[in-house]
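Chemist: Starting from the given sequences, assemble the full structure and let the hints guide the process.
Line order of the protein sequences matches chains X, Z, W and B. For any residue, its number in this note's numbering is found by taking its place in the first sequence, counting from 1, and adding 9. For any residue, its number in this note's numbering is found by taking its place in the second sequence, counting from 1, and adding 287. For any residue, its number in this note's numbering is found by taking its place in the third sequence, counting from 1, and adding 1. For any residue, its number in this note's numbering is found by taking its place in the fourth sequence, counting from 1, and adding 11.
Please note that the accuracy of each hint is not assured.
Unchecked claim - Partial pick of chain W residues on the chain X-facing surface, computed with a CB cut under 7 Å:
no., residue
1, VAL12
2, LYS45
3, LEU123
4, PHE259
Stated by the list, open to error - Restricting the straight-line Cα-Cα distance to at most 35 Å, the calculated cross-link-like pairs of lysine-lysine (DSBU-like) are:
no., chain 1, residue 1, chain 2, residue 2
5, B, LYS332, X, LYS101
6, Z, LYS555, Z, LYS299
7, W, LYS45, Z, LYS394
FYI, nobody ran anything at the bench for these hints, they're computed from the structure. No residue lacks a Cβ here, since even glycine has one placed at the ideal position from N, Cα and C.
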Amino acid sequence: MKIRDNKAWFFVLPALIVMAVNAFIPFITVINFSIIDVFMNLPAVSVGMENFYTVINDDLFRGAFVRQVGFSLLILLIQVPLGIAIALALPKKSIWATLSLIGLGLPLLIPFNIVGIIWRVFTRADLGAVPALFSVFGYQYDVAQNAVDAYWTVVVMDVWHWTPLIVLLAYAGLSAIPDAYYQAAEIDGASRWRTFLFVTLPRLRSVLTIGILLRFMDSFRIYTEVFLLTGGGPGSTTTFLSDVLVRKAVISFDIGYSAALSLIYFFVILVVSYVFFLVLTSVGTNDDEAVPE
Amino acid sequence: MGIELKNVSNSKEGITYAKGLNMTIEDGTFLALVAPTGTGKTTLLRVIAGIQPLDEGKIIVDGEDVTGVHVRDRNIAMVYQQFINYPSFTVYKNIASPLQVAGVDKKTIDNRVRTVAEQLQISEFLQRLPQELSGGQQQRVAIARALSKDARIVLMDEPLGNLDYKLREDLRVELKNLAAERDAIFIYATPEPIDALMMASHVAVMYDGRIIQYGELEDVYLRPNHVKSGEYFSDPPMNFLDGEVRGDTAVISDTFSIPLAAMDVDLKDGKYTFGIRPHHINLEGEVSGEGMFGMDASVNLAEIVGSDTTLHLTHDDMEFMAVAREMRHFDLDEQINVLFDPRQIHVFDAASGDIVENAVEARQ
Amino acid sequence: MENLDRRKLIVRGLLILYFIFLFAPIIWMLSMSFKTNSEILSSKLLIPQNFTTANYAEIIEDPQWRESFAVTLTYVITNMIVTLAVALPAAYAFSRYSFRGDNHLFFWMLTNRMAPAAVFLLPYFELYSAIGLFDTPWAVSLAHTLFSIPLAVWILEGFMSGIPKAIDETAYIDGYSFPGFFAKIFLPLIGPGIGVAAFFSFLFSWVELLMARTLTGTVSKPIAVQLSRSLGAEGWDWGVIAASGVLMIIPGAILIYFVRNYLAKGFALGRV
Amino acid sequence: MATIELVNIAHAYVPGQYAVQDINLKWEEGVSSALLGPSGCGKTTLLKIISGLLKPTEGDVLLDGQRVNELSPKERNIAQVFQFPVVYETLNVFNNLAFPLRNRGIPEDKVKSRVNAIAEILELTHVLKKNAARLGAAEKQLISLGRGVVREDMAGILLDEPLTVIDPYQKLHIRRKLKQLQRELELTMIYVTHDQHEALTFAEQVTVMNTGEALQTGSPADLHTHPQAPFVGYFIGSPGMNIFDASLSGHTVTAGELSIDLPASTKADYSGAKMEIGIRPEFIVVHRDEQADAFICDVKNAYLTGNARILDLVGAGLQFKARVGDMSPIRQGERVWVRFPAANTVIYANERAIPTADKEAIA
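Modeler: Structure, rendered in structure tokens:
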């Protein structure tokens, strides 16, 4: 039971100041840039929503946006069920449990570009192990040229890189479920699947919500690993939104375009995350039509 | 000397816990604050302790107004219901911590800690961590810490609530003896009348944010001044039968009425509430029926409490409770005959609930 | 009971397969780091034929690598310290008090975590050049705090709320002042929480590349940037790159060893 | 419902350290019973052995005479109501109650009629459509009980301190409902608790346990008037039995200045045994004026406990409690004459009551 006391603002102030410097000022500059046209050092001219229209109608943006949404959904569909399955299979007590936790933690600790390098080195035609492996099965695997190979390698890389996060979250959620629930289910004669459906899954909801939110946010803004593995190629099969933004902002310095794109980008993530949050925290808790058998 | 609460009012998130509450507590008092759970006892303790701010009113300790004083400087100690100890300190360090903070020298701390630990039979656990101990032992550590600093006021918020039934019985005796050896003022909040009866010297019954009755233990128990005091400070709660006085008899229901003479009371005609404690309604055969008024009733439930059997009875639409000596078995919905002792009936005003006339046996 | 054992075996087998998939790429890079360039290009064998530590020697002796390693450590540690110093009081406020706008503030903090780093490239470029911090480790660490503070506050608030408020009150009753209580009683109790929060802020700073590269020019080049620049010039020395990759994994591995049993607990918290 | 039996059960979580030993208990079919004892007395260990969650190191668990040690909880058909309510949170009350039946593939129409019948008895019909997670603790416990009762093949139901998280004013309703259900459906129910009020109110047959042993099994009245071990006397009733250390010389047992002769019919030789005498405060006779065969005592304390007044008395070299009527005028500081009626005085040898015959009053 918390005390109602606005004196608490003093505690929060330091964090607020540091974040404000890093968030408000840049944010306002971004908004500023998105509605004015800066050219050399001529006085700025207000162009209103023009930049936003150019972005939305730009084919590069549209392609990247659709590809990004597809990529993120695919990631969620693979990683969340796989992560839960692995968490369920993990040993609970004994040294093996600790070892697997450390093993799972490792990919999360590798700098993004090193992940890109590892997979580049692992899959390049001239020096990778994967092409050699595939050639044994008579398949001509080429990540540099073949669009399908490139796309799926990026997907597999992300699965390799981030599934452990879902495993750790699910593992933590599982260890918080009291034994009594499993005993009750066993006494009620529930099968393994029904125990999972009606005991384990509902109790994992809050942990899974975090996992899905984090995974969506991170996959939706992926850049470094893809850049180092395929550079967005072949063609634009693996060019995602962040790649477009970096090119426009830091390479071609198209300020107006990149500012507008930044705002759209941030807005989309915010809205989709909020929707995920609402859906996940309310499913199955409403009266009367609770999930039928 | 002692504590004085003047016109104390406190509310939180719209719920009013205390409304213009006044109370004076002399030195050496062991006060039981009796009221059901969730009606403001804990809040009142927290206000006296200074953990929770006061909306209005004053708190005066030994003549000094401490209302605004920070809890650190109010020489008080408190024991919570859920065994609060510092998890990272050993039992010894837990008990010693208030003394160490007050800068008492090491030797005095050591012998004070050992004597208190001795009194609470936890000497052998001094080097252990609190979570290694059982619930009862953890609460003893918390009590030891509260007593070690010899605070002017010791506040206890239902400390026995989470303990085993038999452990509660033993600790009530121990707490009573520990309090007797100290001249601090003890304020013990509890919904359980038995706690008050076994330990307290004075009782304050709290209802609707105010102290509705304050006095010596047996005075308040025998002569409740309001229906709520009768209900809260009685285990099991006092029965209340609505009735109407017509002429010289009190009519409770069309089959049951009691002449005023039997209750040795004269009342104007009108509506009254008649209060009688369950153990003054006895089974036929357990007591001589002479001067008693019988009624047949059916057993809703028979509960064995302590060494007796509490009976939840119904007669027509009236629900009330009685107590049978010893532990006896009663079938559900069994029909029995009970005898009301008219000399134990208190008469309350039907509208206000205030006492009109205490039971004959209870009068001074 | 026979089918139970068979099912257990299949599950264990699949689990082992997954861990092989998890470690294969790392081991492949590890083996490459001990091969000469010629061997890397020619043979695809896992075990290096002529084992060499030349690649590591080259990195350790090169002053530029060492310098950029120092730069990286500087901003990673600064970020960790700033984040904790600022997140601890904020988490205490969220956990112990309810004040006007506390929920909105908390959600705003989280939304920052959602922002793609790329969005802030441009404005940071402007901001840090304006305040003269461009091309210094301090710029990178400050930029990183925007992302690590929300998570640290979230984790610490979770651990703090696990401690009953009655402990604070008991300490005040016993005569502790707020600083005394916070240092002697409260901090030791949330030790694991601090460990996990530190782990996550280290993790974020250590793996992030985009901002680190944008906010640094020539003087202070983070190691990650040093690496990818050399990669850009195609055909660069793969052995050295593999070796530096291995070196970059080691700090993470060490840190995870220390926080291992709190890792799962840290993840379980969440205000969702 | 079935008869549940534990034969020569002993269990050690750590080899050599027995949590429970030589347990021989039998719960008849359709009888309401309780396992009562302080925390750590081994009652939860027995609960787990009966439900099948724990395999005993020694001894057999019998259901209707059949040895079931190897059977899992599912195969034993023993339901359990836990301390904290356990419900399937995404299902409504109807689906919660139907869950065990559907697991067994019972046809839907049979499920519907069975669930509605049970909901009727549990007075849950009005919430059948509501989501189980939103109900109060009391209703959730009824649902959890209902899941056990809805199945016809249920052998027994174990209740592990089921009222712990239920609000005080709802406890009365639940207590009555539990007794009513047990009576109407002839359930074999075992109520495990440390609280004698719960155990004695619910059960016809109560087993008192302490430090891993089952000391006595009997009806509440039986445990109250004939406690077979000093701990049972102390634990049952409030305040508990007064117990005095005593010494045996020849045929007479002496405690302080009081002595009592062993029953004439005693044949066993108790020399060297640890002797104790016990008498309940409510059986002690107290007079304000001199009595022939009574001894004098000082009233150290006289406090009211609602329906009685408890006297702390010191006399004849003994210190003990006596109970008198709440209207008794006796106060602290007075002197009273006390008599221990022989019929209510129990002699213990090595913490076991010796068989009683007719004994004379003691002086």
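Chemist: Next, verify each hint and record whether it holds.
Modeler: Structure-based check of all given hints:
{"no.": "1", "hint": "VAL12", "in the structure": "holds (5 Å)"}
{"no.": "2", "hint": "LYS45", "in the structure": "holds (4 Å)"}
{"no.": "3", "hint": "LEU123", "in the structure": "holds (5 Å)"}
{"no.": "4", "hint": "PHE259", "in the structure": "violated (11 Å)"}
{"no.": "5", "hint": "B:LYS332 to X:LYS101", "in the structure": "violated (54 Å)"}
{"no.": "6", "hint": "Z:LYS555 to Z:LYS299", "in the structure": "violated (43 Å)"}
{"no.": "7", "hint": "W:LYS45 to Z:LYS394", "in the structure": "violated (75 Å)"}
Of the hints listed earlier, those the structure fails to meet are numbers 4, 5, 6 and 7, in rising order.
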